[in-house]
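Let the hints inform the model, and build the full structure from the sequences given.
Chains H and F supply the protein sequences, listed in that same order. For the first sequence, UniProt numbering assigns the number 1 to the initial residue and increments by one for each residue that follows. For the second sequence, UniProt numbering assigns the number 1 to the initial residue and increments by one for each residue that follows.
No lab work stands behind these hints: they were computed from the structure. Since no wrong hints were added, every one of them can be taken at face value.
Put simply, identical chains are the same to the list, so a pair is met inside one copy or across any two.
Listed next, the in silico BS3-like pairs over lysine-lysine satisfying Cα-Cα at most 27 Å (straight line):
| id | residue 1 | residue 2 |
| --- | --- | --- |
| 1 | Lys226 | Lys494 |
| 2 | Lys226 | Lys493 |
| 3 | Lys497 | Lys916 |
| 4 | Lys494 | Lys924 |
| 5 | Lys291 | Lys916 |
| 6 | Lys916 | Lys602 |
| 7 | Lys208 | Lys935 |
| 8 | Lys461 | Lys599 |
| 9 | Lys226 | Lys497 |
| 10 | Lys780 | Lys461 |
| 11 | Lys261 | Lys213 |
| 12 | Lys494 | Lys916 |
| 13 | Lys208 | Lys924 |
Number of protein chains: 2
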Amino acid sequence: MKGEDDVNTARKDEEAEGSAGEKLLGFNSTEEQPSGPRGQDSMWRNEKYETVPLDVKGIDEDNSKGTTDSLYPQTALRKAQQGSDRPKDAKLSPYFQDGLRRIDYVLTYHVQKPQSTHKQSSKSCLCCRRNRKNPPAHEDPELAAQEQRLDYHEDDQRLRREEFEENLREMGLEMEREEGTKIPGVGFLKIHAPWEVLCREAEFMKLKMPTIKKYEVSQGSSIVEKVNTFMQKVTAPLQPKVGENRMENEKHLSYPFSREKQHLFDLSDRNSFFDSKTRSSIVYEILKRTKCTRAKYIMGISSLLGSGIYTEAYPVHDGDIDGVNAETNDRKILYEEWASYSIFYKYQPIGLIRKYFGEKVGLYFAWLGVYTQMLIPAAIVGVIVFLYGCATVDDNIPSMEVCDERNNITMCPMCDRACSYWKLVTACGTARASHLFDNAATVFFAIFMALWATMFMEHWKRRQMRLNYVWDLTSFEDAESQPRAEYEFHVMKKSLKKEQPPKAGNVKLTCTDRMPAYMTIIVMMVFLICVTLAIVFGVVLYRVSIMTALHMSSIPTVRTNIRATVKTTAAIINLIIIIIMDEVYGAIARWLTVMEVPKTDKSFEERLIFKTFVLKFANAFTPIVYLAFFRGRIIGRPGKYIYVMGSYRMEECAHAGCLMELCIQLCITMLGKQLIQNNLFEIGVPKIKKLLRQRKIDKKHQEELNKTLHRHEKDHFLGPFVGLNPEYMEMIIQFGMVTLFVASFPLAPLFALLNNVIEIRLDAKKFVTELRRPIAVRAKDIGIWYTLLRGLSKVAVIVNAFVISFTSDFIPRLVYQYMYSPDGTLHGFVNHTLSYFNVSHFQPGTEPLQPMHLGYKVEVCRYKDYRDPPWSDTPYQFSREFWAILAARLAFVIVFQNVVMLMSDFVDWLIPDIPKDISVQIHKERNLVVELFMKAERGKKYRNTIGDPSPQPLRSRPSSQA
Amino acid sequence: MKGEDDVNTARKDEEAEGSAGEKLLGFNSTEEQPSGPRGQDSMWRNEKYETVPLDVKGIDEDNSKGTTDSLYPQTALRKAQQGSDRPKDAKLSPYFQDGLRRIDYVLTYHVQKPQSTHKQSSKSCLCCRRNRKNPPAHEDPELAAQEQRLDYHEDDQRLRREEFEENLREMGLEMEREEGTKIPGVGFLKIHAPWEVLCREAEFMKLKMPTIKKYEVSQGSSIVEKVNTFMQKVTAPLQPKVGENRMENEKHLSYPFSREKQHLFDLSDRNSFFDSKTRSSIVYEILKRTKCTRAKYIMGISSLLGSGIYTEAYPVHDGDIDGVNAETNDRKILYEEWASYSIFYKYQPIGLIRKYFGEKVGLYFAWLGVYTQMLIPAAIVGVIVFLYGCATVDDNIPSMEVCDERNNITMCPMCDRACSYWKLVTACGTARASHLFDNAATVFFAIFMALWATMFMEHWKRRQMRLNYVWDLTSFEDAESQPRAEYEFHVMKKSLKKEQPPKAGNVKLTCTDRMPAYMTIIVMMVFLICVTLAIVFGVVLYRVSIMTALHMSSIPTVRTNIRATVKTTAAIINLIIIIIMDEVYGAIARWLTVMEVPKTDKSFEERLIFKTFVLKFANAFTPIVYLAFFRGRIIGRPGKYIYVMGSYRMEECAHAGCLMELCIQLCITMLGKQLIQNNLFEIGVPKIKKLLRQRKIDKKHQEELNKTLHRHEKDHFLGPFVGLNPEYMEMIIQFGMVTLFVASFPLAPLFALLNNVIEIRLDAKKFVTELRRPIAVRAKDIGIWYTLLRGLSKVAVIVNAFVISFTSDFIPRLVYQYMYSPDGTLHGFVNHTLSYFNVSHFQPGTEPLQPMHLGYKVEVCRYKDYRDPPWSDTPYQFSREFWAILAARLAFVIVFQNVVMLMSDFVDWLIPDIPKDISVQIHKERNLVVELFMKAERGKKYRNTIGDPSPQPLRSRPSSQA
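The structure is reproduced here in structure tokens:
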């Protein structure tokens, strides 16, 4: 029989290549059967784990329970695979030792490091327990006793593992075990799901699989078709070369897999019918369902992992990414056509990403792609707005007036005593600079960006729907996941405390149980937000005090550079604090969520995300919010300043408003955060971690090892997949930066765009090369992140309304032009914004020490505010202009908010959530399914009439016989 | 054979009771076979339509294609039904003539009224066509020719019908025909779906049916359980006695019906496994799918109905509602326990409503119930707020000041020339009255109602989810429906114009085709909204002109009652116009939507609803919006009034603001609209229609007929079901009234509550007694109406913010109290709101004719506005107070809107959409299903090992044989 020969050859090749320690038990049994008690142990093992019987033994009875050999004889399998799929080289590809059965999942566990005396037994450490009971005679009994104590815990763990694996076997999975071979101290349990198990589970999971029926995907009308073809040609160089993302005119009709409807599916190639991602997720599904029941409380896989009975659980990668002789595999294609900086301008091969990593990861990258794509127009418009500001800076009447030396305006001092009066003309530079960010185009840009955000959400919804259709998820429902191990543990503790037997599902954590955790969370969250506020206030104090100190300085160069120095240092301090606190808050949020003990993984994730989001968001945006809305507003007025901490006057804005400073702060935060976080945390830290993991192995063997390592061993050295949340979180904060204060910083989309182009490839590299393969999770949408994005884009409308109306001088200019200007222009605007102050009204001790600084005696100085002059009936009261402008500002906020929200809702309503062609296709698919079944129906009836027996309705037969 | 005897007996009874004309063809064939050519015709018919063969004939071959007799022999059917279900009396229950097969659906069509000479042939009018070709000799050839021309059209229709019915028969349906018997000119096609068809279609439709597996519905923790039990006891008298709405502790596990998994379902009683609603919807599903292809273009059932080939299509009611001897049926129970005013305080039997009318109707009544229930707290709080206003009316400082005669304030005249100065004290009554609706509690109530609206939406979402769970709709997906007949017709016209053969699905209406319709719609909508505005403006003009005219009048009693008269007449005119235009707009919206030719029924409905909503909403609310926000705001000031239409001054509000008038308008609109629409349109019109329909029959026979009519004939006289949209629309407008201007009219929820309590029973009566049974439509939610409700409750927040800040005097009072009041109270507020006017500044010709009316010479009069006095530098300019108050008003709007929106979102987020227990149950159900299948799996495997042959995978067998 040729098939067996192949197997044997493969095995022998394997052994020839070294790694003597990794002998598989199954093979041991054939080779070493006559070698005494160890051989017997192996036999016992073999019966348990080696479910594909070797030919010398034939099909053993015990196995036929687990696997349905009658349905799928092994010989047939061999024969079938013989032709196209020769047994694979187990080193490159993830296969069992026989080179036939694919490793779909790997569980690792801790085994004792082999001692030199134990070399023999460590080879197949499974039988350790039995060996312990009959300790070899040549060993020191004391040492053995010590070992026994140490091993008690390990024995317990092994028992659990055995029970669990027994249960897995009962579910039909096949396993192979490999202990402490190349990587000392680590045992691998390789899991393979045979065809019947895959079919059964696919049916339970209602996996939609392609049927043999193909249908034409209509491209809409002929015009649409032409446009599509044209677009395809134009974007051809932007498409990655993965050979599958061409627009296809045909699609396989998909239908939930069912063994009873096997005739519908193309099962000609069983090895590729379920791809590796699906196989591993099926195994994972079984793992999740399987429980250890003999222990004190029921343990699922998550509990087993949590309590260290197993250490890791992961599916294996498809193959290697480098090496010329490496076989072509999806991972390699992804590495070449996706995870490379040199092709940053190309589209992502989303289909392949989904095929390899599953829908959830695919959706993340699709979302990131859509976001980056959508940033292009935003960046272009932002640059245009900025350039418009640059171009009109010389025509801007207010800054011209400020810079005009003929307007001999004397301003009140900037600080008490140390500062003196100053001429407005010295603020010429900032006035000109602030025009760049504070002009009419800004308002347009804010509206544009609000609509942009809506368009982005809509575009994404449609893209998501399209992907759902292409990925056959349209009727997929997200099942609620199993309770988490921690939750079950707490439930058990509770039921033990009550001294009731834990009835299945009847005991649960109520509000009362959770109250302490909830209270802690609320207190902690409030406390942390207070910390954030305190930090901002600290930075403000730093600025105020340094400013005062520097003003006192007598060195003139220091004094001229005061503002620049203070602004820059303060912004950098802010940045550093933000980055540090980001990590701290992330850790605290996780700790709080663990304390909360949410029931399911899904709710754990949601709660964690929510907390992290609140904290990180507050951390990133509090300084900016302070700058935008509070700075310079609570300073009082000359003669009646507001003081903090005794004698520090609150900081004022520069003459032209705080918008300029807000802009600088945003720019530093955004650039700095992205550069540092990307470089340090995303590139540096994983590298270090990987190095650390590999350092555990002897350095000298490392090189050599790397060459001989098997797939699942290589994967063991990769970092575990920790979920997409950090990636999403980073992007959401960036989205906040781009939309929230965009009115003050039109270049934000550009910076975001540049960052994201790199980010995509960075993440891609990480997923392909640095991390273990994630378990493919089906998902229809991006979940809570969409809600957060929606929330942000709503908040953005309000924030931008306030920035335009309160932070910028847009409204005062408008009011002046239409209500007060004598000639309808902005001439005289600067004068209008300045109120008068009689210097004799200074509080004693706050007058400038050098009143004659400007060379003449000042009697009335000016300050920026709308207040009545000293000579009116109500001196220094807010003037009528103040109230009128305030009303105008508020009216603008209302109008802006409601108009933009209405426009957004209108856009939302106008663009259907499901693209027209997709809804047509879905409808078509439904009809085709019915058609297909009606045809099958007729076929069946025909067969019935010619006498083929078929299952009959339950009742009719007996009654007709009666 | 006893079964047949029964059939025969039933038939004979039938005949004995008269109605000689309704002999069924099938029976004719047995009885009258030897009676010449007519008998042969009947035979031919019989082969076509009588699919259950009579025993004398045996199973005929042709039939075996349509029905799967091999699976379900007729004898077995008879035997099975013989015991429990004797053939039903066809008069009361909807059964075929054999009394065995249920009528699941009825199609009617027009037949020629039998002439006396044609009596013979009219008995079985089916053979008319053949008779025509060989006209009986005794007929006048001229008459025959004329008849032939007339009948050509009818022949064509008959051909279509025959083709369609042939296709239906091929789908396995069984039919019985009855022409022109008791109701002349109407032919009935009674359709019955046999068991196999039901099973097949249920499988295609993925109908979830209860399996034999029951499981315990856990009630949550023990406390929750106790509370539930207690609540159940308390509400017991409120529960309708339908014997099924007790909280059940067990629920059947449901699973999509599949013939391959028949063992899962309890099929012991096949007659009741699919209830009558499901049966008729299954038949409807087949009808929708069946096409006539031989005609010029493909015609579905909707085209056939549209072109008059069939006239009506409806399922039949379960039975009669009155008569002591009437059998108990669901309809009767509904009539007694639901559609009765005397049990208005009880809950509705939603489960039974759903069981009888289907999910869509069930959801409407569930929604109406939830809405009504939620109105109870709103009404209570509203009444309390109103009572608070009543109680504090005497403590209200502003109205005390108005009423205090010592404040001798002289007001400027209300109109030019005719009116004179007046004393503020005369406005005492309105000032006191307006306090009822304009006090601090109003603000609270507005916030309360905004949150109430959110709570209502949330509550409904949860209720809906709960119903989805109970009704097994959790995984139901709404399939897109078939194209409408009109759409197909237009597509055909287009393809004919292009002279291309109409490829299936390739020709469709593009934007270009629809452009004319779209343009018309936009123009019409704009025009209609302009009409609405013009009507409001017209009413304003009416008020202004009448007011001026009455002021001119010299009769003192007229002059004192001026305001009351004008207000009341104007409000009534408004009401009448609203009610008339409501009907007009409804008709126009339908016309516009028909013109638009939407593709599917769903989009037709949505577009129609949208248009109707916009128009009806504008119609109902424009007068109210005008009153709330525009009236009294654009009047100018004394000496510089704004005039419209030459010389009419715009109307002012009463001294205490327009809130009072807004309140009156709302009250009249709401009460009047509901009373008139309920009484006239919902009770009166259907009664008249029914009378008209029955009048077509000879009056003298009517009484007699009513007694002998069959179920499907009785249903024919009922009104057709026209959808739930008018019902929903009415409620949505009411919801608008309740939420939009609730700040000005806290009694609105009470009125709505009273109306709805009646409305529920009114609608119930209509559905149970007046209308034909609707086709049961599965629906998970209330669709577009939910979106509209959400939209309304959002708009309500903004509208209420504006009403409080601009229409009421709440903000000015607050500003006065905290900014201007010398002692922090409202004393002096009235004086503060009044500006001064120097009477010498009147424009010439506008001074009062009787300046000495008050008995003294007036030099300065007062008017309600914030303007500078005549003696300031800027006389009659808006004062600083004006701007300050405006700013405060606007700030309030911003704060109110955002705070309430935030609170709503928070409530939305806080309350999970899926109730906790339901999500637990759903999860449990999923697990149970997997468990059930795993058990079945093991059972199957066991059977496999003992050698039972089973379908094998496709590939393995041949290769193993090779």
